[in-house]
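Q: Taken in sequence, the protein lines are chains W, A and V.
Note that the working numbering numbers the first sequence so that position 99 is 99, with each residue one more than the last.
Whatever position you read off the second sequence (first residue = 1), add 1000 for the working numbering.
Whatever position you read off the third sequence (first residue = 1), add 2000 for the working numbering.
Keep in mind that the hints were calculated from the coordinates and are not lab data.
Errors might be hidden in some of the hints.
Claimed, not checked - Now the in silico label distances, taken between C-beta atoms and shown as ranges:
no.: 1; chain 1: W; residue 1: 18; chain 2: A; residue 2: 1024; range: 53 to 59 Å
no.: 2; chain 1: W; residue 1: 22; chain 2: A; residue 2: 1022; range: 54 to 60 Å
no.: 3; chain 1: A; residue 1: 1018; chain 2: W; residue 2: 3; range: 53 to 59 Å
no.: 4; chain 1: A; residue 1: 1011; chain 2: W; residue 2: 29; range: 21 to 27 Å
no.: 5; chain 1: W; residue 1: 80; chain 2: A; residue 2: 1153; range: 50 to 56 Å
no.: 6; chain 1: W; residue 1: 18; chain 2: A; residue 2: 1075; range: 39 to 45 Å
no.: 7; chain 1: W; residue 1: 22; chain 2: A; residue 2: 1292; range: 27 to 33 Å
no.: 8; chain 1: A; residue 1: 1156; chain 2: W; residue 2: 7; range: 54 to 60 Å
no.: 9; chain 1: W; residue 1: 22; chain 2: A; residue 2: 1011; range: 20 to 26 Å
no.: 10; chain 1: W; residue 1: 3; chain 2: A; residue 2: 1008; range: 28 to 34 Å
no.: 11; chain 1: A; residue 1: 1251; chain 2: W; residue 2: 18; range: 46 to 52 Å
Here a beta-carbon is modelled for each residue, glycine too, at the ideal position from N, C-alpha and C.
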Amino acid sequence: MPFLLDVASWVLLSLGGAFVFIGGVGALRMPNLYTRMHAASLTDTMGAVLIIAGVMLQAGASLATIKLAAILLFLLLTSPTASNALASAALLAGLRPGDTAAPHEDRGE
Amino acid sequence: MIVLFGIFLLTLMVITALAIVQTQHLFVAVILAGIFSLLMAANFFLLDAADVALTEAAIGAGISTVLFLGALALTAEHERAASANRLLALGVVAVTTLIVIYATFDKPRFGDPEAPVHQHVAPWYLERTPETIDIPNVVTAVLASFRGYDTLGEVFVVLTAGIGVLFLFGAKPRRKAGPPRLAAHEPGDGLRHYLIPRVVGRLLIPFILLFGLYVQFHGEYGPGGGFQAGAIVAAAVILYALLEGEAQALRVLPQRLLNGLIAGGALLYGAVGVAGMLLGGSFLDYSVLTANPVTGQHIGILLIEVGVGITVTGVLISVFHAFAARGRV
Amino acid sequence: MALALVRALLGPSVYDRVLAANMFGTKTVLLLAVIAFLYGRPDFLDLALAYALINFIGVLAVLEFIRRRAITSAADHNTGS
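Using the sequences and the hints, build the whole thing.
A: Here is the structure:
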């Protein structure tokens, strides 16, 4: 039984790591801010769920698991909100979703 | 394994630092500075210094970024070209660097168990703490009790910094007869019109406050204590101010209350010290506070940490308001 | 994390960098949680929690900053300054 838990947790951790890596690559290679944000936030959240679940399995039933659950809940709530806020900020500053040529930052802002 | 990770972090830090110096766009510099602080906190974490890592993360990576953005809103966003003689500055830096590197040749190797600090200082504290103070977190024991004077000094430094900022920024600028305001949105609104951040933020504020209290009182058992807790509670109030606008936040926690907090925390710390004197011991001797010296230590540490937390909270919130309330009107 | 840093350094616009900073923060939280575990120090989870919330507040501060700047510059344009 403990062996099964270990295997499960390693699988979760690796999957989570893979998602995080994919997110990083996406953030680099996508052409536009909005698409990058899409890549980054989706994979971030999924990766976070998998990684924390993996660590929770290792922790067993203890105070640490409750803290991990709190961190997970917090990340689930705030990560998408932060992406929303960032997208609002970009829209407000005039960056349109269709632009591929991103404006150079010294735009006199 | 840890060494590899440490090298990775330090490399990232050097790259970030170079980028900060090189960029001319100050907003970018602020964001990169936040990343730098985070890398530093991770580094402290690797070195097993959890209290310092927590403080660096809370203040350096979070509150400093917010305060820098507030300052940026009041000033320009691009750095003016440097006018001083670059070659002279480079020379001074190079000489100083060489001197510092030369000085490190005499230091014992990092983590060397034969070093004097590990022979005399550390074991003394490690032995004394269970008998005299009996709390698991030796860092808090040293900070709050064995080296209580230093911490008293730190609280007064924070107090002075707060007073300094309030002197400089406290006077309200006379409102210029300004241009007619954009119809729907006022600057003082905060993020009121953005529903998603607002709802989620308001939901989280009580939990953040609770977490701040947890860190404050848990400082004796794990990483935590007054400075970190003060930063976290201030972060919660700043979040409220960001979401609802500073005018609203000032209505909830008026400046007079904040001034009271700033002075009150330091006063509490001093009062505990004086109480020790009045009860027969020396200044800041907690053992005489109650019949059982160990309990006296616990109570003393608890009270001074609360004092530290209160002052730090008051100062950080006041500094935020000083910048934010001054936006171009 | 290195990838996010590269984006932070390169990102043509400022918002890319903020996005990268936010991502960086989240990855750090995760990393801290995992390491805290691997090295048997469960109390370090407090650190991860504190950082997650600080990261969030930072992004909201950026939004507020942009918003203010947009309003004041729009007001300036309206009066033709």
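Q: Broken hints, numbered, in rising order?
A: Violated: hints 1, 2, 3, 5, 7.
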